[in-house]
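Trainee: Below, each chain spelled out in residue letters.
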Amino acid sequence: MTLKMLPKEVVSDWTELILSDYRLIAPQRVQDRYTFREIDSANQIELDYGTTILPPKKVLLPTHEDLIHFNVAENLVEPVLEDFPVVILGVHTCDMHAISMLDAVFNQDPVDQHYLSRRRNTTLVSIECLSPCSEHSFCKDMGTLSVPEEFDLHLTDLGSTYAVYIGSEKGKKLLDGFNYMLEPTSEDHNLINRVMSKKWSSFPYRLDADVTELPSLMTLGFRSSLWDELGERCLGCGSCTIVCPTCYCFDVRDEVEFSLTTGERARVWDSCQLNQFASVAGGHDFRPKQSDRQRHRFLRKYKYQSIAPGLVGCVGCGRCAESCLVDITPVGVLNQLFRRHSAARKIRQEVLIQ
Amino acid sequence: MSAQLYDTLQTKSIYLPTQAQIQDVRPLTELEKLFTIALPDGLSLNHKPGQFVQVSILGMGEAPISISSSPSRSNGTLEVCIRRVGDLTNAIHRLEPGDPIGLRGPFGHGFPVERMHGKDILFAPGGLGLAPLRSLINQVLDERTNFGRVIILYGARNPAELLFTDELQEWDERQDVELHVAVDHADENWSGNTGVITTLFPKIQVTAPNTVAITCGPPVMYRFVLMELLGLGIRDGNIWLSLERRMKCGVGKCGHCQINNVYVCQEGPSFSYAQIKRLEEAL
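From first to last, the protein sequence lines are chains A and B. So in this note's numbering the end of the first sequence lands on 354, straight run, no missing numbers. So in this note's numbering the end of the second sequence lands on 283, straight run, no missing numbers.
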């Protein structure tokens with residue numbers, strides 16, 4: 001893989017060059033938090049940032065997006081596909097893994113052209129995480145602390161320079177015409193090795209169970225009283241799913257302009273934690289209790305969305321824990337379930353021995 | 001072979017409805033109407049009984065509706081039986097012949113008709129559940145020689161809520177159909193059976209190993225009808241039902257219809273009892 005060196009003093013020149021051809025989305029500081037926003041000047045960018053309030057999924061799957069435009073009077077429908085080139089700069093590796101999962105969902109037949117059109121026109125510049133970004137993150141447990149192969153460019157902060165790995169043609173194109181990139185020296189290679197070997201020990205393991213055990217833990221814990229306890233506490237606000245980088249459930253609704261002739265059929269984020277999510281026209285609710293909804297959320301993340309051993313529907317970013325008003329955290333829930341189940345297993349073993 | 005109404009490999013958008021036209025509107029009850037929809041020239045639905053379409057009015061929204069017409073009787077048209085319960089379905093009820101209506105689909109898996117060949121068929125629809133089963137009933141009747149006995153047990157809340165009364169009459173007069181109808185609450189003109197649908201089961205005898213049962217109705221009905229069907233000795237894999245869920249996309253993305261890891265819009269809405277008996281939250 002091609003490696004180039006980007007001196008920090010020319011980062012702003014580089015981003016100005018990007019801005020002439022792309023919409024550029026990057027982390028910005030807003031009061032004491034960070035958020036992915038469209039930027040118009042290089043000095044707004046914060047590449048050394050804690051976790052953002054919302055993940056970069058909001059760029060690929062906007063909170064509100066027109067799917068079709070229609071004209072009632074003329075009975076016309078027209079699909080809306082966005083194809084303006086976008087660069088998302090400074091994506092943490094957990095969020096990169098989440099984007100891979102979203103890609104898989106919307107690429108699955110029948111493919112969702114609205115997501116894919118935007119995705120095809122998006123260039124992802126990820127950044128190596130060198131220290132924990134949040135007290136709630138558990139990316140090391142979830143195996144998302146290394147960048148997946150979908151990156152276009154990948155940056156590693158070496159102090160006065162960034163190491164830039166080029167992962168794709170799209171990434172290479174982002175450096176076209178930018179003449180300040182340097183070739184790596186042997187000293188650069190040594191520095192990268194030092195930084196990377198120091199990185200791993202600064203991240204804690206926080207789960208009692210291994211990620212490969214989580215799907216079966218969910219199966220065993222299906223009837224756990226823990227879900228009722230969560231249901232008692234949960235306010236059903238949906239924050240956990242809104243901030244989740246791998247949640248993609250949506251509602252589709254029609255909106256009409258004041259003229260009553262034109263309008264759009266729009267996709268908006270929805271949440272399985274909201275009480276209308278699984279109810280049908282006659283009024284029957286197929287997941288009537290908040291405990292059912294919490295269980296569905298956890299099983300979806302750690303079992304249903306597991307597509308390969310060690311690959312589940314959660315990337316360990318910790319945003320849901322950060323946003324929860326009643327302190328429901330995935331680390332807490334998974335460890336509780338694991339301890340309760342291990343205790344039950346131990347008792348069974350003792351009974352068997354006797 | 002005419003072109004498909006809806007090509008899932010289309011490059012434009014899976015959410016783009018085809019604009020079709022209302023051809024006929026037939027009131028069935030106070031709340032339900034049967035709409036005949038004409039597809040644009042040269043298009044065909046090619047559906048299977050048990051599949052559904054997404055029906056929409058621009059500006060009002062979209063809803064999943066089961067197809068009520070048999071493939072054997074669909075000549076560039078389809079029929080949907082719609083109960084008015086919300087804004088969209090009330091708007092659909094105001095439509096007249098010639099008005100445009102949006103369609104996507106057909107979606108999901110229907111009932112495996114070919115696998116029912118040679119078998120006795122027991123239909124047990126309750127209430128609006130007759131709407132999707134009518135598609136299969138009429139296909140079975142149009143290919144009558146492919147099947148053994150045809151038994152229909154139909155339950156409704158009261159005589160005024162009985163759907164497709166002209167067809168019920170027709171089925172009742174046929175020698176090769178055994179029809180039993182019950183209403184929960186009779187009125188002064190009702191001379192038939194009174195009671196819930198399960199009170200009809202003692203009226204029939206079946207050869208269990210050779211019987212396929214298909215049921216559709218409100219969630220509360222399934223528990224009791226399933227007990228009756230299993231009590232008759234019909235195999236889990238020979239009991240078919242259709243599951244209702246909230247749906248927004250119809251293409252396995254929006255998450256609303258999920259039962260555990262199963263997207264009802266993709267793997268269903270028609271399931272055998274064997275498929276879902278261990279699926280938590282299904283029934």
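Hints were generated in silico from the structure; no laboratory data involved. A couple of the hints might just be wrong.
Unchecked claim - Pairs of lysine to aspartate or glutamate, DMTMM-like flavour, derived with a Cα cap of 20 Å:
1. Lys-4(A) with Asp-157(A)
2. Lys-12(B) with Asp-157(A)
3. Lys-303(A) with Glu-280(B)
As the list claims (entries may be wrong) - Listed next, the stretches of chain B that the computed footprint assigns to chain A, with coverage defined by at least 3 CB atoms under 8 Å from CB atoms of chain A:
4. 14 to 21
5. 51 to 61
6. 84 to 95
7. 168 to 181
8. 234 to 248
Predicted, not measured: the structure shown is a model, and the values here were computed from it. We put the beta carbon where it would ideally sit given N, CA and C, even for glycine.
Trainee: Compare the structure with each hint and give your call.
Mentor: How the hints compare with the structure:
A C-alpha spacing of about 13 Å is found between Lys-4(A) and Asp-157(A), which places the hinted pair at or below 20 Å, so the restraint holds. A C-alpha spacing of about 41 Å is found between Lys-12(B) and Asp-157(A), which places the hinted pair above 20 Å, so the restraint is violated. Among the hinted pairs, Lys-303(A) with Glu-280(B) is consistent with the structure: their alpha-carbon atoms are about 14 Å apart, no more than 20 Å. Coverage of a stretch by a chain is defined here by at least three residues with a beta carbon nearer than 8 Å to that chain's beta carbons; for the region 14 to 21 of chain B and chain A the count is 5, and the condition holds.
Only residues whose beta carbon comes within less than 8 Å of a beta carbon in chain A count, and the region 51 to 61 of chain B has 5; three or more means the coverage holds. Counting residues of the region 84 to 95 of chain B whose CB falls under 8 Å from any CB of chain A gives 3; the rule of at least 3 is met. A count of 0 residues in the region 168 to 181 of chain B with a Cβ less than 8 Å from any Cβ of chain A is obtained; the coverage claim is therefore unmet, three being the minimum. Three residues within the 8 Å Cβ limit are the bar, and the region 234 to 248 of chain B against chain A gives 4, so the coverage statement holds.
In this structure, the hints that do not hold are numbers 2, 7, in rising order.
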